[in-house]
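Following the hints, put chain B in place on chain A, whose structure we already have.
Quick mapping for you: the protein sequence lines, in order, are chains A and B. No gaps in the numbering here: position 248 of the first sequence is 248 in this note's numbering, and each next residue is one more. No gaps in the numbering here: position 119 of the second sequence is 119 in this note's numbering, and each next residue is one more.
It is possible that part of the hints are untrue.
[Said to hold, decoys possible] Calculated Cβ distances over 12 Å to all of chain A for the following chain B residues:
(1) Glu6
(2) Tyr59
(3) Glu82
(4) Pro94
(5) Asp116
(6) Thr147
(7) Tyr159
(8) Ala171
(9) Arg239
(10) Glu254
(11) Gly305
(12) Asn307
(13) Pro335
(14) Glu342
(15) Gly355
(16) Asn403
[What the hints assert, rightly or not] Listed next, the stretches of chain A that the computed footprint assigns to chain B, with coverage defined by at least 3 CB atoms under 8 Å from CB atoms of chain B:
(17) 157-167
(18) 213-225
(19) 279-288
(20) 367-373
(21) 399-410
(22) 435-442
[What the hints assert, rightly or not] Incomplete in silico selection of chain A near chain B, CB under 7 Å:
(23) Asp45
(24) Gly55
(25) Val62
(26) Lys88
(27) Pro133
(28) Thr137
(29) Val450
In case anyone wonders, no lab produced these hints; they're calculated from the structure. Beta carbons: idealized from backbone N, C-alpha and C, even for Gly.
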Amino acid sequence: MLDRLGSMLEGVGAEFADIRYEIKRETLIGFTGRELRTIGTNTTDGYVVRVLKNGGFASATVTREEDVPRAIQLALEAAETITATGGKQTLLEDTPVITDTVVPYLDGDPASIPIEEKLRLTAHYNGLLLDQPEIETTNLSYREIGRQKSYVNTEGTAVSEEVVTTNIMGEVIARRGDLIQNIRIAIGGADGFNRLLDRDSEFIERGRLAGRLLDAEPVKGGSYDVVLSPMLAGVFTHEAFGHFSEADIIEDNPSLREKMALGSRLGSDVITIVADSTIPRQIGFYKYDDEGVEVKPVTLMDKGVLTGRLHSRRTAKAFGEAVTGHAVAEDMRYEPIIRMGTIYVEPSEKSFEQLLEELGDGLYLVDGKGGQTAGENFTFGAQYGFIVKKGKLGPMIRDINIMGNLFSTLSSIEAVGNDMELSERGGCGKGQLNIKSALGGPHVLVRDMVVGGV
Amino acid sequence: MKKLLEKAAKVADQAEVYSVRQDSGSIEMRNGIPTDISASIQSGYALRILKNGMIGTAYTKNLLDRDQLVSNAMDSLKGEVEAGFSFPGAADLPDSAGADPGVEKMGFRELHTYADGVLEQLRGKVEGQIDVYAGRGVEEVSVVNTTGLDVCTRSSDMYLYASLLFPNTEASVHRLHIDRKAGAFPEGKLDDLIALYKSGLPEVEVDSGRMKVMFMPDTLYTLLWRIGAATSGKSLYNRISPLQDKRGQRVLSEKFSYYGHANDPDNYEQRYFDDEGVPTRKHMVIDQGVFSGAILNLDYATKLGENPSGTGYRRDGEPVSALPSPYLAGGRIAPGKRSLAEMIREMDRGVIILGVLGAHSGNILNGDFSVGLNPGFYVENGEILGRVRDGMVAGNVYDVLQNVVAIENHLNTSLMGGKYPALLLDDVSVAAKK
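Bound-form chain B, shown alone:
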């Protein structure tokens, strides 16, 4: 990395090298037996150079020819892509927790033992098929630049995922456990999953209409994706955000607060710097319903005349080929005061969304969503009656998030990243086949 940076420094005003190395393995156990095991060791390097207010970019996975990479960045520079920003200087960041030795050294046999342990706890307790997935990974991310920054973080994760399929279908309920350290499923979590499964066994037909809807943590990305798009520096700079010129105004229910906390020690993917080397911090986006902070990378922070928010990440596809763009890592919705059981009891008539299909299909920028329930459980008078047959939930986030009834008092790690409570909304449109 340093040699590459030195070469780039000779032809540019400023240069930055980002590198990533990932070492991972996974096992799939479908219908009770190991069906697939795979391993992956991937690396990559991305170079950005600034010269005369322009930016050039280049990347490769296998750093065999540093001169070629610098040459590619110089060719890119000829396109005259404007860049008003500078790379951040040296930062005195805390040491990250590092990778867990147990995860780092874990072989396939040990991973199988963990997965099999989940299976053993579930076997014989449900009618349908049981699938279990397990994986481990270690990642090292480094950013160095010619303005004095030299930061590196090493992290690990191990996950266990259990899925219970309803008889003769592929529809399922599931539970994820993911942590920085190696370990089994926390006690009680799988019993909760079995109880949930049993309550959804009957298939019920539901009349279309407006009713209470509860988004479970794994489904909240449907709403947060749209809020993220509207509060992104890219949308605000290009004036295509429904929240344009609404900074400081109440735009959602005052019960609702949304923020990023990438450096939360409780975060298995804890980061003290983003992919541009900017220090991370707790970053409020919606504070008690008020649009308080945009999600910015270096480029859009400069364009909008704001300070960088430590939210520039290489997210779209291969990390080295994706350019840093605004992204809220370590997403959180502030927890409320009710337990999940209390929230269900509050539902006179409604749907609990346990999984969604098609969250990416709607008009995301405008805040519209229209998702299939996969599955959704129907509730009447505080009691789950079964899972909805062919149902959809639709709305606009800026409307439905005005009607927050209650927020769970607990943060759950979501399958899509971040930690969220369940969220109960009122007066949401449900369409179903009957």
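So here's chain A without its partners, still in its complex pose:
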């Protein structure tokens, strides 16, 4: 395949061109309550072409091989338009020419597991959720995605890498009269099917939690000091800071770029944040990004000071910083953009009990329910929480969303715990879905967060 892709770029008439071909194999088994809603395995494929001509850099995506010449023509026209209209001039950072084929480490290759076995396991976990008190229904899916990616550029790089993710995830829904509450659950990773086995206790616990939420009180809106659980600290890090470390978010906003200069102090001196997609067995793991660059660990913030940024070849050159291998696409329908992969807060010294004691009065918030970033503002939701009085956990609360501003919130982080957890699912939606956006960290104490209650 790599040779065939190389021949498609011959005589392309540009300083640089690359092409990526992907075959995406998806297995989906979906339950709503006890009803099996869907089951099957399907394959899709497609091409992404990018060209750099006279400083204009543009892309085109197509489904069919016979449309690849048209894609190249469109990308060339687009690049020429950028140049002719005084648009952004692009140079690419030099990177080593690589020839490699990467086969993923899999503890139980899901492709070799019969779909009947996947169905049996999903039905079993679904049954555990449904058997808990006051559970009305579930939405639970087994989702397996294998991406066989082949990448070639005109500099000679030719890389083939397969990434496989397997998850069982969804929500469990409890109901009492008109009150409906839900809790999310996700297990999985990028290291094979066997990770999904023997996880009964987690499903039982999540089912029970959904029922308990029926007795929780909605949080009252206002400003609170909070301790965030490891998963929620991960969501907070991803939304409150991570997106601003993606160079393509800030590159065309001069004022934001100035504020995000390396060496700037943005956080308190207790916080260190790392993006590391080389950690094996994690859902964020990969070796090469979607422009054939080997991914490297990056310390983004060291004791509150900005020390690194995530880059594509284009942005690395534009910023004069090191290329990091973070240009990643959802699949063959998209050109790569800069994505976080695995991002986490480094653990420190304090126990959870010490953090609660330091908190005094406030909220303990647990598990992420999605987040969003726009400009320097962000929000994220917690699945549930507890009121804390004098360092002791009190009644359970629900309906918790938090808002903050990048430039004021990170300096409000007062203490970091000594534990550590990484998520087993991704799902960041920055224009494209990234199912490999892992996140996590230890418990974290943050002062003065705005919580929107009902």
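Relative to chain A, chain B alone:
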């Protein structure tokens, strides 16, 4: 498509092939210059087969091996997913307006000219950064089945989007123009945007409390998402809707009516059939506060013993890989009688929500929302004082939509699809940092 359908018909009681082809291009102009241009030509095919009351599904993007696709659907059938419905028969539908030749043929230079025209109208009139985005697209959707249906629609759209960033921030106000045909921003719309921007320049701190809140059209999806979830056939069938057993009852303010109008000729994405080939029509969901109609696809219509409502769409992600599910295309809130200016004058103290963050994070099924203002403008005595610093608005749709003060007399095309008026509510919780 026909060959695929013939192959599938040989192994099934009924078969359906859905196909989509999309051809699109876009340009981004950030801080005054073209920064990115991209193009995309995508296609795909989805097959559904019914046999002995069971359904099998399969899809691909590149139809190279029809036998394999049929084989995948047969394998899926072995899972024994029950399906009580049948595919719809032949339908005599009006011809759609088709794709606009101007949009169909539009190259990147012409698209740039339109985007640059927007930039020219805004340049020098605001202090902050100006970003302009433009795009064009043509889509063809077909559904054929073995019960005689053979329908196809071709549509086009061109959009222009202007965003004005407040100085030294990424917070912005924006305006969208989208139409089936190629064309410039309507006169006056950008002047309105500049005036809006200037009124939000000061940053103000606000005391937390309950006050009037106005949802602008681009933010109403916060509320409608929750109503859509509660009125979906899926939620009603699974008995997880707060509106369970409340059909025909008044559940919201009688000032509030919500419906879908996919076949509205005024709709740039006009559709005469949904993604299952069911004819579309004006479909009332909330009629003067009364829960009047559920949003149904074929499957849930059959399960609930109702007629299909022409609201089954492949919405979640790639169209061919997503199964049809209940979705209200061409969403509308019935307009009221007040102008936007009159509604602002009615606000003694309150917030105008121009953008939200986190609409997806709350307990959607229960109707709860808790969103960040991005931005929100603070109003006192009918006058905008500036944009709120770190503010959130929260509530439950079934509570806040009892307190409708006024609805704008004009429908605006929303960034999230559909056409909506601004909606002024009373007694909504606002939390802010002060």
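Going down the list of hints, with the structure as the test:
1. Glu6: 21 Å, holds
2. Tyr59: 5 Å, violated
3. Glu82: 7 Å, violated
4. Pro94: 30 Å, holds
5. Asp116: 7 Å, violated
6. Thr147: 22 Å, holds
7. Tyr159: Answer for B/Tyr159: holds, closest chain A Cβ roughly 16 Å.
8. Ala171: The claim breaks: B/Ala171 does not keep its Cβ more than 12 Å from every Cβ of chain A (closest is about 5 Å).
9. Arg239: Violated, because the least Cβ-Cβ distance between B/Arg239 and chain A comes to about 6 Å, which does not exceed 12 Å.
10. Glu254: The claim stands: B/Glu254 keeps its Cβ more than 12 Å from every Cβ of chain A (closest is about 20 Å).
11. Gly305: 17 Å, holds
12. Asn307: 22 Å, holds
13. Pro335: Label holds. Min Cβ-Cβ 28 Å, cutoff 12 Å.
14. Glu342: 29 Å, holds
15. Gly355: 7 Å, violated
16. Asn403: 14 Å, holds
17. 157-167: violated (count 0)
18. 213-225: holds (count 4)
19. 279-288: With 0 residues close enough to chain B, the hint is violated.
20. 367-373: holds (count 5)
21. 399-410: Contact hint for the segment 399-410 of chain A vs chain B: holds, 7 residues under 8 Å.
22. 435-442: Violated, because only 0 residues of the segment 435-442 of chain A bring their Cβ atoms closer than 8 Å to Cβ atoms of chain B.
23. Asp45: Holds. Min distance 5 Å.
24. Gly55: 11 Å, violated
25. Val62: 5 Å, holds
26. Lys88: Holds, about 5 Å.
27. Pro133: This hint is violated: A/Pro133 lies away from chain B, its Cβ roughly 16 Å from the closest one there, beyond 7 Å.
28. Thr137: 5 Å, holds
29. Val450: 5 Å, holds
Comparing the model with each earlier hint shows violations of hints 2, 3, 5, 8, 9, 15, 17, 19, 22, 24, 27; every other hint is respected.
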